[in-house]
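Using the sequences and the hints given, assemble the complete structure.
Protein chains in written order, with my numbering: chain V, 43 to 401; chain E, 146 to 422.
For the record, the hints were derived by calculation from the structure and aren't laboratory data. Do not take every clue at face value.
Claimed, not checked - No farther apart than 25 angstroms at their CA atoms in a straight line, the calculated lysine to any residue pairs in the SDA-like style are these:
1) E/K346 / V/P131
2) V/K150 / E/L342
3) E/K346 / V/Q176
4) E/K346 / V/N126
5) V/K326 / V/E366
6) E/K346 / V/L133
7) E/K209 / E/H301
8) E/K346 / V/E171
9) V/K150 / E/G332
10) V/K150 / E/G330
11) E/K385 / E/I183
12) E/K385 / E/W238
13) V/K150 / E/R338
14) V/K150 / V/R172
15) V/K48 / V/T270
16) E/K346 / V/M173
17) V/K150 / V/S112
18) V/K150 / E/K385
19) V/K150 / E/P333
20) E/K346 / V/A175
21) E/K346 / V/R172
22) V/K48 / E/G330
23) V/K150 / E/A164
24) V/K48 / E/E324
Stated by the list, open to error - Which chain E residues stay away from chain V? Per the calculated CB distances, all over 12 angstroms, these:
25) F161
26) V163
27) S206
28) L220
29) E273
30) D292
31) Y327
32) A387
33) V400
Said to hold, decoys possible - According to the in silico footprint, chain E covers these stretches of chain V (three or more CB under 8 angstroms from chain E):
34) 124-130
35) 138-152
We treat Cβ as the ideally placed atom computed from N, Cα and C, and that holds for glycine.
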Amino acid sequence: MHGNVKLVSLAKDYGRLTAVAGIDLEIEAGQYCCLLGPSGCGKSSTLRMIAGHESITSGQLLIDGHDVGSLPPARRPTAMMFQNYALFPHLNCLDNVAFSLRMRGANKCERHARARDKLALVEMSDFAERMPAQLSGGQQQRVALARALATNPSVLLLDEPLSALDAFLRVRMRGELRRLQSDLNITFVHVTHSQQEAMSVADLVVVMNDGHIEQAAPPRQVYDAPDTGFVARFIGGHNILQGQIEPGPEPTFQLITTAGRVSGIDETGAGPRGAAAVAVRADKIRVGPPQESDGTNCVPGRVRTLEYHGATVRLELDVAGAEEFTVTLAEADYFAAPFQSGDRVQANWDVDAVHLLAR
Amino acid sequence: MPYLQILPLTLTLLVFLVAPVGLIGVVSFWDYTEFNLIPDFVWTNYRELFESRVTYSIYLSTLKFTALTWVFTTLIGFTVAYFLAFHVRTLRWQITLFLICTIPFWTSNIIRMIAWIPVLGRHGLINEALLGSGLVDTPQEWLLYSDFAVVLAFVHLYTLFMVVPIFNSMMRIDRAVIEAAYDAGAGPWRTIRHVVLPLCKPGIAIGSIFIVTLVMSDYVTVQMMSGGQSASVAVAMNNKRALLQYPAAAADAVVLLGVVLLMVVGLMRIVNVRKEL
Numbered sequence: 043m044h045g046n047v048k049l050v051s052l053a054k055d056y057g058r059l060t061a062v063a064g065i066d067l068e069i070e071a072g073q074y075c076c077l078l079g080p081s082g083c084g085k086s087s088t089l090r091m092i093a094g095h096e097s098i099t100s101g102q103l104l105i106d107g108h109d110v111g112s113l114p115p116a117r118r119p120t121a122m123m124f125q126n127y128a129l130f131p132h133l134n135c136l137d138n139v140a141f142s143l144r145m146r147g148a149n150k151c152e153r154h155a156r157a158r159d160k161l162a163l164v165e166m167s168d169f170a171e172r173m174p175a176q177l178s179g180g181q182q183q184r185v186a187l188a189r190a191l192a193t194n195p196s197v198l199l200l201d202e203p204l205s206a207l208d209a210f211l212r213v214r215m216r217g218e219l220r221r222l223q224s225d226l227n228i229t230f231v232h233v234t235h236s237q238q239e240a241m242s243v244a245d246l247v248v249v250m251n252d253g254h255i256e257q258a259a260p261p262r263q264v265y266d267a268p269d270t271g272f273v274a275r276f277i278g279g280h281n282i283l284q285g286q287i288e289p290g291p292e293p294t295f296q297l298i299t300t301a302g303r304v305s306g307i308d309e310t311g312a313g314p315r316g317a318a319a320v321a322v323r324a325d326k327i328r329v330g331p332p333q334e335s336d337g338t339n340c341v342p343g344r345v346r347t348l349e350y351h352g353a354t355v356r357l358e359l360d361v362a363g364a365e366e367f368t369v370t371l372a373e374a375d376y377f378a379a380p381f382q383s384g385d386r387v388q389a390n391w392d393v394d395a396v397h398l399l400a401r
Numbered sequence: 146m147p148y149l150q151i152l153p154l155t156l157t158l159l160v161f162l163v164a165p166v167g168l169i170g171v172v173s174f175w176d177y178t179e180f181n182l183i184p185d186f187v188w189t190n191y192r193e194l195f196e197s198r199v200t201y202s203i204y205l206s207t208l209k210f211t212a213l214t215w216v217f218t219t220l221i222g223f224t225v226a227y228f229l230a231f232h233v234r235t236l237r238w239q240i241t242l243f244l245i246c247t248i249p250f251w252t253s254n255i256i257r258m259i260a261w262i263p264v265l266g267r268h269g270l271i272n273e274a275l276l277g278s279g280l281v282d283t284p285q286e287w288l289l290y291s292d293f294a295v296v297l298a299f300v301h302l303y304t305l306f307m308v309v310p311i312f313n314s315m316m317r318i319d320r321a322v323i324e325a326a327y328d329a330g331a332g333p334w335r336t337i338r339h340v341v342l343p344l345c346k347p348g349i350a351i352g353s354i355f356i357v358t359l360v361m362s363d364y365v366t367v368q369m370m371s372g373g374q375s376a377s378v379a380v381a382m383n384n385k386r387a388l389l390q391y392p393a394a395a396a397d398a399v400v401l402l403g404v405v406l407l408m409v410v411g412l413m414r415i416v417n418v419r420k421e422l
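This is the structure in structure tokens:
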């Protein structure tokens, strides 16, 4: 199988500005990889370097073991789908899809036949003769996808593919992207700033910040065990507490924070010391009226806001020493013992809700 | 009420466009002697025009000037616009270079034409240089007061009318579309051929309308740069006017207007200009 992408200390500078600061990453053939991060984190530059639309300042880009870093885009086994689709406005859908085949010298018959196949793949056969301006956003995206797939690339690069769609279509299209990827069994590299999008489609989520990779792991691992405070904050659903670490009874550790003592399992086994931070899963926290406790994994707070989300209820608490403290309660649990905003409460959780952050 | 709002424009157009053209149309049917205009309705002016072989040779020569000017202004205009739109990165430089392109327009057409005389003349810059370097023995006569000089002056005068609309078309092209062409394996030339050029068609058409209307109706440039040796429709028309043959000149004008309108309609048929406006 083809489509293994390997970045070796890949870097991109724009003059004195560093966009990508030497990243290492391996994407297995046939994986769906999402590059996730806030704008300006270097995810788009990384994608464009893989595509060949941006020169590589230093480092290596290997696809299936070949160094393709200096090849023009068309000679790499990649194809790109652009953010606003970038369909050729003067060509109909069929000729848009057939364009790259035309550039490769395929005759009209052959390229139209192949373009029709690709349009069928994205269920756009009925629109072959339409001009791009006559299509809706979702339809344009399908045509752009068919166009990118026309040359049978082994790596498909998608630059914010869903950002121009409305929320409803976005959810539908991401499902279709995922299905298409597993049907074609090729590597997808998808750039997005939406953690929800990344988590729902990717095999491998690469969280980037400031030109670095913060964490590259399967979605569940990124959510359950974020490596860094940045990842925990960006993914959401975590509360970060900072303090001084002390060894606890094996295999636990204790973190002394302003709000109280936090105890968690030391997954590293390294016996961490000094200043540290932990992430506490918002959906694993219980909230109840204040009562006596030993002060471990238990913090007092005051309800600031309440949001009803249907299946869940989201609470924001004022907790001493934490910039933000949110709790996600199941709807039934909340309504069994509801609170008002302004109520004094106590939040508590088990050791397995706590994850020690590396940074 | 909506009619009242379009009244000023309607009046302006009626007084300054429809009425004068109508008047020319009316006069073209008048009769005339050497001293008199005789209000009448006769076809003589048109008949004489169409029966004269001179008319056809003059139209041929005017169309030749138009075609040559169109070819060169389009080539130069496209190249300059392409450079400005795709190679100049910052808006500030684009505007600066654009303004530099307009500098010749700060002087009048006549001065810009006269400026060629010391360059192209028998003892002009080019001839002196050619003689001095020993490339030729005698001054080159074809440089000035020739069809060459006429086309050269036209190209110099009107290229900007091509640059502006093509530049405008190019600036509307999404840069990602160019990248998509590159991604699909089109090199720079094929990107121009298959993507930039088709998307610039409306701009080229608008520029062509300028060139066609300006060159077809020009008489000063042809007169000055050919030294009176070449003719154009407007030169012939002006000669008739000078001889006080107003009805004949008017008939000339009506036919020229018809020809130019046909050419413009033809251009609009080929290219959908409307989406550019």
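Here is what the structure says about each hint:
1. E/K346 / V/P131: 13 angstroms, holds
2. V/K150 / E/L342: Distance of about 21 angstroms is within 25 angstroms: holds.
3. E/K346 / V/Q176: 20 angstroms, holds
4. E/K346 / V/N126: With a Cα-Cα distance of about 23 angstroms, the restraint between E/K346 and V/N126 holds, given a limit of 25 angstroms.
5. V/K326 / V/E366: Holds, at roughly 16 angstroms.
6. E/K346 / V/L133: 13 angstroms, holds
7. E/K209 / E/H301: 17 angstroms, holds
8. E/K346 / V/E171: The hint holds at about 21 angstroms.
9. V/K150 / E/G332: Holds: V/K150 and E/G332 sit about 20 angstroms apart, inside 25 angstroms.
10. V/K150 / E/G330: Roughly 17 angstroms between the alpha carbons, so the hint for V/K150 and E/G330 holds.
11. E/K385 / E/I183: Given pair E/K385, E/I183 holds - Cα atoms ~16 angstroms apart, limit 25 angstroms.
12. E/K385 / E/W238: This hinted pair is violated, its Cα atoms lying about 49 angstroms apart.
13. V/K150 / E/R338: 17 angstroms, holds
14. V/K150 / V/R172: 18 angstroms, holds
15. V/K48 / V/T270: 23 angstroms, holds
16. E/K346 / V/M173: 17 angstroms, holds
17. V/K150 / V/S112: 31 angstroms, violated
18. V/K150 / E/K385: It is violated: about 57 angstroms lies between the C-alpha atoms, which goes past 25 angstroms.
19. V/K150 / E/P333: With Cα atoms ~22 angstroms apart, V/K150 and E/P333 stay inside 25 angstroms; holds.
20. E/K346 / V/A175: Answer holds: E/K346 to V/A175 is near 17 angstroms, not above 25 angstroms.
21. E/K346 / V/R172: 20 angstroms, holds
22. V/K48 / E/G330: Satisfied, since the Cα-Cα distance of roughly 23 angstroms is no more than 25 angstroms.
23. V/K150 / E/A164: 55 angstroms, violated
24. V/K48 / E/E324: 24 angstroms, holds
25. F161: 38 angstroms, holds
26. V163: 36 angstroms, holds
27. S206: 36 angstroms, holds
28. L220: Its Cβ never comes within 12 angstroms of chain V, the nearest being 21 angstroms, so this holds.
29. E273: Given a closest Cβ separation of 49 angstroms, the condition holds.
30. D292: At about 37 angstroms from chain V, E/D292 clears the 12 angstroms cut-off, so the statement holds.
31. Y327: 6 angstroms, violated
32. A387: Holds: least Cβ distance 49 angstroms, greater than 12 angstroms.
33. V400: It holds; E/V400 is separated from chain V by about 37 angstroms at its closest Cβ, greater than 12 angstroms.
34. 124-130: With 6 residues closer than 8 angstroms to chain E, the region 124-130 of chain V meets the three-residue bar; holds.
35. 138-152: It holds, with 5 qualifying residues against the three required.
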